[in-house]
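Q: Join the two chains into one complex using the hints; note that each chain is given alone, in its own frame.
Those protein sequence lines, which keep their order, are chains A and B.
Here the first sequence stands for residues 9 to 200, numbered as in our numbering.
Here the second sequence stands for residues 225 to 424, numbered as in our numbering.
No lab work stands behind these hints: they were computed from the structure.
Misleading hints may appear alongside valid ones.
What the hints assert, rightly or not - Partner residues aside, some chain B positions facing chain A, computed with beta carbon under 8 Å:
{"id": "1", "residue": "Leu349"}
{"id": "2", "residue": "Pro350"}
{"id": "3", "residue": "Phe382"}
Said to hold, decoys possible - With the C-beta cut set under 8 Å, the calculated list includes, among others, these residues of chain A facing chain B:
{"id": "4", "residue": "Asn33"}
{"id": "5", "residue": "Leu77"}
{"id": "6", "residue": "Tyr79"}
{"id": "7", "residue": "Ala90"}
{"id": "8", "residue": "Leu92"}
{"id": "9", "residue": "Pro105"}
{"id": "10", "residue": "Gly106"}
{"id": "11", "residue": "Leu107"}
{"id": "12", "residue": "Ala110"}
{"id": "13", "residue": "Met154"}
{"id": "14", "residue": "Ala186"}
Don't be surprised by glycine CBs; every beta carbon is placed ideally from N, CA and C.
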Amino acid sequence: MSEYLLLIVSAIFVNNIILARYLGNCPFLGTSNRMDTAIGMAMAVVFVITLSSATTWIVQEYILKPFDLEYLQTIAFILVIASLVQLVEMFLQKSIPGLYRALGIFLPLITTNCAVLGVAVLSVESHMSFIKTLVFAFASSVGYGMALVILTGIRERSATSPIPVHLRGTPLGLITVALLALAFLGFAGMVK
Amino acid sequence: MAAVVREFTKGLWKEVPPFRLVLGLCPTLAVTTAAKNGIGMGLATTFVLVCSNLIISILRNAIPKKVRIAAFIVVIASFVVIVELMMQAYFYPLYKILGIFIPLIVVNCIILGRAEAFASKNSVLPSIADGLGMGLGFTMSLTLLGAIREILGNGTVFGIHIMWESFQPFGIMLKPPGAFICLGLILSIMNWISSRQRSH
Chain A
9 MSEYLLLIVS AIFVNNIILA RYLGNCPFLG TSNRMDTAIG MAMAVVFVIT
59 LSSATTWIVQ EYILKPFDLE YLQTIAFILV IASLVQLVEM FLQKSIPGLY
109 RALGIFLPLI TTNCAVLGVA VLSVESHMSF IKTLVFAFAS SVGYGMALVI
159 LTGIRERSAT SPIPVHLRGT PLGLITVALL ALAFLGFAGM VK
Chain B
225 MAAVVREFTK GLWKEVPPFR LVLGLCPTLA VTTAAKNGIG MGLATTFVLV
275 CSNLIISILR NAIPKKVRIA AFIVVIASFV VIVELMMQAY FYPLYKILGI
325 FIPLIVVNCI ILGRAEAFAS KNSVLPSIAD GLGMGLGFTM SLTLLGAIRE
375 ILGNGTVFGI HIMWESFQPF GIMLKPPGAF ICLGLILSIM NWISSRQRSH
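Okay, chain B solo, but in the shape it has when bound (with noise of 0.2 Å):
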């Protein structure tokens, strides 16, 4: 039980993707205009990474070792496939929003990594856990960042109000340089936490 919470929490801070594995990084950018899509992309991706794994981890006897990539990919795109097309029948408006980056799960970095790297090696439990722990972390993080954007570039967070009336947004932080200029420094504060840490 302690290893399966293991495999949960390490997605959570300690290898948290994008900021610690930088991997999916289109996604990331691309659609953290708004802590909500940052929310919506990151438990579409949650559901496919938790679904792919389980499946996986249950085959990873029967898959041969040749054709693995290729199944996996099968495996993530099915799933990505029924994300979209339940997000079209009742979420139509991120959907709307999302757009290209729904089908563009499939080719996440974070997805097939962890089913190269953990299902395929692990059993049905820890796999489960480790795909919700990675997901979460990503959700968090595509949050983290869509809400530094949304404050600074529209003075809202999650729709509300919470800048001072006289406060002009940065339109910039809602286009790509604001993305890349963002995660640029969240990367290089969490180095210096890490090394403070490590010093401790």
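Isolated chain A, as found in the complex (with noise of 0.2 Å):
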């Protein structure tokens, strides 16, 4: 139980997926301008990472590893992604109209959000068991969702405050970013 709570606790403060990892930035800074756009965003990237996560990991385990074809993981994992997001766009259009208004137009983005195909990679990279996969990239997106909102919440009120021309924009986001980060490298060495 404590390894999960570890893993779980790592993913989400101390090897953030964004503050620590760099992953998924641009979709990082261009949503999070307003908070009902960083919420649906932050909830599309749970729902996507976690399954494709899943998904990647059976594609690994059942198809590349027999077969010798470790080779094409990468261009085996964009497609299962790819495919996935486009599968879970129709589902949704179908049979969850209201999750699918909500999720709707971040979905497509999703595809191209390299925490995506990062976190599948990573935890491939680290032979991690099922089980173990599923929490791990649940909590590294939540953990990714959390940074989102902070950070949609910051820039909110950095929005009527009186910034010089220059930074207005991402300029002042990636500099939240940093102070964000800094305060996120406290957290730093706590869990491996």
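A: In structure tokens:
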């Protein structure tokens, strides 16, 4: 049990996927201007990362490994993720329209979110079991969502402050992320 | 010919990624702890960008519109696998340092962005020029960011000591906060330069 607890704490705080591992920056800066978009994106990320890590784990263990095709990992994973995102989109549209409306526009964007492929590759590289992969993927994506919501809260406040012209927008966003990352550095070394 | 040259040079300053087109930030931030890593990552990306632009512009009339993104991803992923295996064979230390960010070239938004916005609409020669220009612009940006972080964080550039004896390196520059703050300041300097150019 404590093993899983450590894995969760490590994935959310210590090795936060964006603030310590630099994965998924583009949508992180792109969708952190308004709280409702940020929450939609965070939910979509949790959903897709957990699902795609589980799928890529199965592909790795039952297709790539038995046939000695591990060198095709990158191409196989990205195809699995791209088609999975497409499938999820069609499924949600048909059967859960409410959730589809909430996540809709974020789903296609997620294919090129490097956090999705990144978490899949990280969990395969560290040879985790299926349950561990699921826990790791879920905790990592919750960490991503949390960082996204915190950053959006800060950026929404700073939007009304008098900021030098050249710093407005992305530059200030990046500096805010830097301060956030500095705060998260305090967790470094707590768990390996 | 002049058009080809223009496609090449726009990637070097006017639309230089990731400073002007804020795309492909993950490798930009993650690998630039030293100037050398920036060059390695930049050249690997340039190779994939040029090759995928070439193939996609050749196939641009053969790929059906509806499945174009999937087709682009397959082309890009194939070249990423080639780069991955080549680096593993010939540049093993660099391969170790860049690590997970080599397979992640496949989701670098710059490459898919150029395929969608340029190579799928233009002929072969301009597409190669566009890929080469954007790739070299990306390499330059990564090297610059890597050099700044290496100088401040370690007192060296390309492994050579250049700071004075008593210089205390800022270790934070090699960690994530240093990467974000450096990129943020460079972007604001770029904004300042372009607003000055506009006012003249």
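Q: Was the hint right that Met154 of chain A lines chain B, CB cutoff 8 Å?
A: Violated - the Cβ of Met154 of chain A stays beyond 8 Å from chain B, reaching only about 16 Å at its closest.
Q: Does the CB of Tyr79 of chain A sit less than 8 Å away from some CB of chain B?
A: holds (6 Å)
Q: Quick one, is the Gly106 of chain A hint okay against chain B at 8 Å, beta carbons?
A: violated (27 Å)
Q: Restraint: Asn33 of chain A near chain B, CB-CB cut 8 Å. Satisfied or not?
A: holds (4 Å)
Q: With a cut-off of 8 Å, does the beta carbon of Pro350 of chain B approach a beta carbon of chain A closely enough for the hint to hold?
A: Status violated, d = 24 Å.
Q: Minimum Cβ distance from Leu77 of chain A to chain B below 8 Å?
A: It is violated, given that the least Cβ distance between Leu77 of chain A and chain B is near 11 Å, above 8 Å.
Q: Does Phe382 of chain B meet its interface restraint, that is, does its C-beta lie within less than 8 Å of any C-beta in chain A?
A: violated (22 Å)
Q: Given Leu107 of chain A as an interface hint, is the shortest Cβ-Cβ distance to chain B below 8 Å?
A: violated (23 Å)
Q: Was the hint right that Pro105 of chain A lines chain B, CB cutoff 8 Å?
A: violated (23 Å)
Q: Would you check whether Ala90 of chain A satisfies its interface hint, that is, whether its CB is within less than 8 Å of any CB in chain B?
A: At 6 Å from the nearest chain B Cβ, Ala90 of chain A passes the 8 Å test, so the hint holds.
Q: Hint validation: Ala186 of chain A versus chain B, beta carbon distance must be below 8 Å. Holds or violated?
A: holds (4 Å)
Q: Would you settle whether the hint for Leu349 of chain B is holds or violated, based on the nearest Cβ-Cβ distance to chain A being less than 8 Å?
A: violated (27 Å)
Violated hints, in rising order: 1, 2, 3, 5, 8, 9, 10, 11, 12 and 13; the structure is consistent with all others.
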